[in-house]
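Visitor: Which chain is which? The protein sequence lines are A and B, in order.
The opening position of the first sequence corresponds to residue 16 in the numbering used here, with each subsequent residue numbered one higher.
The opening position of the second sequence corresponds to residue 9 in the numbering used here, with each subsequent residue numbered one higher.
It is possible that some hints are incorrect.
Stretch-level coverage of chain A by chain B, calculated; a stretch enters the list once three of its residues show a Cβ under 8 angstroms from a Cβ in chain B [stated by the list, open to error]:
{"#": "1", "region": "39 to 53"}
{"#": "2", "region": "181 to 189"}
Taking lysine-lysine and the BS3-like style, the derived pairs with C-alpha atoms no more than 30 angstroms apart in a straight line are [said to hold, decoys possible]:
{"#": "3", "chain 1": "B", "residue 1": "Lys87", "chain 2": "A", "residue 2": "Lys185"}
{"#": "4", "chain 1": "B", "residue 1": "Lys87", "chain 2": "A", "residue 2": "Lys271"}
{"#": "5", "chain 1": "A", "residue 1": "Lys25", "chain 2": "A", "residue 2": "Lys212"}
{"#": "6", "chain 1": "A", "residue 1": "Lys25", "chain 2": "B", "residue 2": "Lys244"}
{"#": "7", "chain 1": "B", "residue 1": "Lys203", "chain 2": "B", "residue 2": "Lys247"}
{"#": "8", "chain 1": "B", "residue 1": "Lys300", "chain 2": "A", "residue 2": "Lys263"}
{"#": "9", "chain 1": "B", "residue 1": "Lys203", "chain 2": "A", "residue 2": "Lys277"}
{"#": "10", "chain 1": "B", "residue 1": "Lys10", "chain 2": "B", "residue 2": "Lys87"}
{"#": "11", "chain 1": "B", "residue 1": "Lys15", "chain 2": "B", "residue 2": "Lys148"}
{"#": "12", "chain 1": "A", "residue 1": "Lys263", "chain 2": "A", "residue 2": "Lys277"}
{"#": "13", "chain 1": "B", "residue 1": "Lys148", "chain 2": "B", "residue 2": "Lys92"}
{"#": "14", "chain 1": "A", "residue 1": "Lys25", "chain 2": "B", "residue 2": "Lys247"}
{"#": "15", "chain 1": "B", "residue 1": "Lys10", "chain 2": "A", "residue 2": "Lys25"}
{"#": "16", "chain 1": "B", "residue 1": "Lys270", "chain 2": "B", "residue 2": "Lys94"}
{"#": "17", "chain 1": "B", "residue 1": "Lys247", "chain 2": "A", "residue 2": "Lys271"}
In short, the hints are calculated from the structure, not lab data.
We put the CB at the ideal spot given by N, CA and C, even for glycine.
Letter by letter, the chains look like this.
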Amino acid sequence: MEEINWSGVKGIIVRHMFAWRRDLDRLVDAFWWATVDLVFWGLTSRYVEQYNLGFDIVAVFIGGIIFWSVIIGSQRDINMPLLDEAWNRNLINLFTTPISLVEMVIATVLLGLLKLTMTMTFLSLLAFLLYKYNILSNGFYILPFFANLILMGWTVGFIIDGLILRYGYKIQAFAWALIFVIYPFAAVIYPVGVLPKWAQVISRLVPASYVFENMRRIISHETVNFNELVISFLLNVLYLTLAIIFLKRMFRQALKLGKLIKLN
Amino acid sequence: MKKSIVKVRNLTKVFVSGKFSLRRTKKEKVTAVDGISFDIHEGEILGLLGPNGAGKTTTIQMILGLITPTSGTISVFGKNLENKRKEILKQVNFSSTYTHLPWNLTIWENLYVQALLYAIENPKERVAEILKLFSLESKKNKEVNELSSGWTTRLNMAKSFLNNPRFLLLDEPTASLDPESAESIREHIRKIRRKYQTTILFTSHNMAEVEDICDRVIFLNLGKIIARDTPEGLAKRIKISRVEMMIVDGLKRLRSIVRENKWQVQVSGRFTTVKIPEADIPKFLNMLSEKKVSYMEISIEKPTLQDFFLLTASARMRPSIG
Numbered sequence: 016m017e018e019i020n021w022s023g024v025k026g027i028i029v030r031h032m033f034a035w036r037r038d039l040d041r042l043v044d045a046f047w048w049a050t051v052d053l054v055f056w057g058l059t060s061r062y063v064e065q066y067n068l069g070f071d072i073v074a075v076f077i078g079g080i081i082f083w084s085v086i087i088g089s090q091r092d093i094n095m096p097l098l099d100e101a102w103n104r105n106l107i108n109l110f111t112t113p114i115s116l117v118e119m120v121i122a123t124v125l126l127g128l129l130k131l132t133m134t135m136t137f138l139s140l141l142a143f144l145l146y147k148y149n150i151l152s153n154g155f156y157i158l159p160f161f162a163n164l165i166l167m168g169w170t171v172g173f174i175i176d177g178l179i180l181r182y183g184y185k186i187q188a189f190a191w192a193l194i195f196v197i198y199p200f201a202a203v204i205y206p207v208g209v210l211p212k213w214a215q216v217i218s219r220l221v222p223a224s225y226v227f228e229n230m231r232r233i234i235s236h237e238t239v240n241f242n243e244l245v246i247s248f249l250l251n252v253l254y255l256t257l258a259i260i261f262l263k264r265m266f267r268q269a270l271k272l273g274k275l276i277k278l279n
Numbered sequence: 009m010k011k012s013i014v015k016v017r018n019l020t021k022v023f024v025s026g027k028f029s030l031r032r033t034k035k036e037k038v039t040a041v042d043g044i045s046f047d048i049h050e051g052e053i054l055g056l057l058g059p060n061g062a063g064k065t066t067t068i069q070m071i072l073g074l075i076t077p078t079s080g081t082i083s084v085f086g087k088n089l090e091n092k093r094k095e096i097l098k099q100v101n102f103s104s105t106y107t108h109l110p111w112n113l114t115i116w117e118n119l120y121v122q123a124l125l126y127a128i129e130n131p132k133e134r135v136a137e138i139l140k141l142f143s144l145e146s147k148k149n150k151e152v153n154e155l156s157s158g159w160t161t162r163l164n165m166a167k168s169f170l171n172n173p174r175f176l177l178l179d180e181p182t183a184s185l186d187p188e189s190a191e192s193i194r195e196h197i198r199k200i201r202r203k204y205q206t207t208i209l210f211t212s213h214n215m216a217e218v219e220d221i222c223d224r225v226i227f228l229n230l231g232k233i234i235a236r237d238t239p240e241g242l243a244k245r246i247k248i249s250r251v252e253m254m255i256v257d258g259l260k261r262l263r264s265i266v267r268e269n270k271w272q273v274q275v276s277g278r279f280t281t282v283k284i285p286e287a288d289i290p291k292f293l294n295m296l297s298e299k300k301v302s303y304m305e306i307s308i309e310k311p312t313l314q315d316f317f318l319l320t321a322s323a324r325m326r327p328s329i330g
């Protein structure tokens with residue numbers, strides 16, 4: 016087991032925090048798109064609400080959007096530091112320091128959590144102010160919900176990082192679209208039951224689907240199925256382990272094929 | 009004899025590029041580095057030269073662990089790079105014209121981040137020292153995107169000395185700089201080398217610079233080492249000197265002398281240049297006198313490293329030289 020260079024981990028975090036102070040793109044990433052989604056779907060749900068569907072449609076939409084933002088945000092926060100270094104042509108400088116891939120992953124994860132905390136605090140406050148939706152109404156379950164969604168975002172993020180390292184910029188468009196392949200199966204707004212049978216099978220393999228199902232149970236004052244959250248967690252641990260193995264393999268391939276240099 | 013800091017043995021890199029087609033994937037193999045071996049001694053500045061595509065950059069990148077060799081070994085400070093990469097890189101640094109530090113960070117921020125990455129003790133104090141050493145103090149709050157290429161290169165160099173490296177790789181550090189800025193960078197390299205006895209691997213397309221800075225040179229072509237010597241030693245391998253003069257009277261007679269002796273002549277404006285083996289120069293001057301060729305402003309130029317480079321690069325020579 017390698018000894019972690021915590022100073023190096025701090026270095027990567029500090030480097031991105033310096034950039035945040037001046038880079039408008041990062042602010043747009045963190046707040047703008049999530050706010051647009053929140054406002055758009057909030058207004059849509061307010062419109063649908065007048066047809067009195069028998070449940071709190073605003074909470075379903077707003078809760079869904081906020082929790083989906085956790086996945087998107089966690090994924091993006093894993094990918095952005097790598098892309099940022101490549102766009103700055105700094106990858107070579109970075110990988111000629113005594114920084115390992117593991118340390119880069121640790122720094123990226125910590126940085127992502129920090130950024131996600133800021134984004135979620137902002138979105139939760141905005142949801143409360145605009146639609147009276149209180150994310151804390153999920154009670155204790157907010158913790159397993161968030162944990163499972165973050166783990167899923169990281170999994171997708173690490174797979175995308177691996178693809179970018181191995182195949183370079185040409186894979187970027189596909190990489191960003193990957194999360195939206197999962198989107199219909201995650202049952203963000205609608206229950207898994209409305210999906211065709213074959214899609215329900217896939218949905219059961221998507222950890223986020225269990226979170227969204229249970230979020231809706233809380234909104235409908237039903238009992239949360241804790242076993243489902245455990246299944247979600249176990250699936251996440253499995254996928255995340257595989258994603259990290261994939262990332263390490265792609266990194267080794269990138270070194271073998273000289274792709275790191277080309278990415279720079 | 010000084011001990012070897014870096015040992016490269018039978019280093020080979022074959023790149024396999026796949027052109028994907030629906031029927032099958034066609035694979036092409038390109039040997040960028042072909043079984044090279046060399047040592048770099050403690051405190052030495054070794055120049056790695058060669059035309060474009062010779063394998064210089066691939067070699068440097070393999071020594072930095074950015075590319076995995078196809079075969080062969082690299083050991084630095086007596087440790088194998090493959091399994092002690094992290095340990096080795098703590099005492100190594102790198103600067104290249106072709107890499108950049110983050111453009112939206114200031115000079116100070118960039119150096120501070122790098123100091124953290126290298127786990128340098130008292131990073132802020134070290135950054136202050138380096139800023140002073142490279143005369144960057146007045147610009148420390150400037151973002152990289154506000155700097156000229158000269159200042160950017162100076163920053164890259166400053167970064168490369170942050171961890172006080174025992175071994176430093178400089179890949180064309182002065183490319184794209186004006187002569188004054190390039191000289192200033194060279195002066196820094198000399199100063200640092202004198203002060204810290206840093207071992208340096210240096211590449212450049214500026215032969216005068218290599219002659220000026222390097223103790224020893226390895227010449228690569230088509231992935232192989234075709235010569236290794238001091239810069240002067242390599243230049244001496246070219247036996248042809250240039251005698252340049254202004255002919256006042258007797259250009260035809262001069263041409264006939266050159267033709268008889270199978271030398272080469274080139275007339276450009278008022279000046280005539282004769283390419284001639286160094287040993288034949290006295291004979292040539294005697295013949296000019298005998299044939300009453302009158303001339304003025306004569307100069308004799310000895311072969312330089314540039315001549316060796318041009319001859320080798322243009323001939324795409326195989327290991328026949330040296």
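Visitor: Next step is simple, just say for each hint if it's right about the structure.
Guide: Going through the hints against the structure:
| no. | hint | verdict |
| --- | --- | --- |
| 1 | 39 to 53 | violated (count 0) |
| 2 | 181 to 189 | violated (count 0) |
| 3 | Lys87/B to Lys185/A | violated, 37 angstroms |
| 4 | Lys87/B to Lys271/A | holds, 21 angstroms |
| 5 | Lys25/A to Lys212/A | violated, 48 angstroms |
| 6 | Lys25/A to Lys244/B | violated, 52 angstroms |
| 7 | Lys203/B to Lys247/B | violated, 37 angstroms |
| 8 | Lys300/B to Lys263/A | violated, 78 angstroms |
| 9 | Lys203/B to Lys277/A | violated, 36 angstroms |
| 10 | Lys10/B to Lys87/B | holds, 17 angstroms |
| 11 | Lys15/B to Lys148/B | violated, 38 angstroms |
| 12 | Lys263/A to Lys277/A | holds, 18 angstroms |
| 13 | Lys148/B to Lys92/B | violated, 34 angstroms |
| 14 | Lys25/A to Lys247/B | violated, 57 angstroms |
| 15 | Lys10/B to Lys25/A | violated, 38 angstroms |
| 16 | Lys270/B to Lys94/B | violated, 59 angstroms |
| 17 | Lys247/B to Lys271/A | violated, 42 angstroms |
The structure shown violates the earlier hints numbered 1, 2, 3, 5, 6, 7, 8, 9, 11, 13, 14, 15, 16 and 17.
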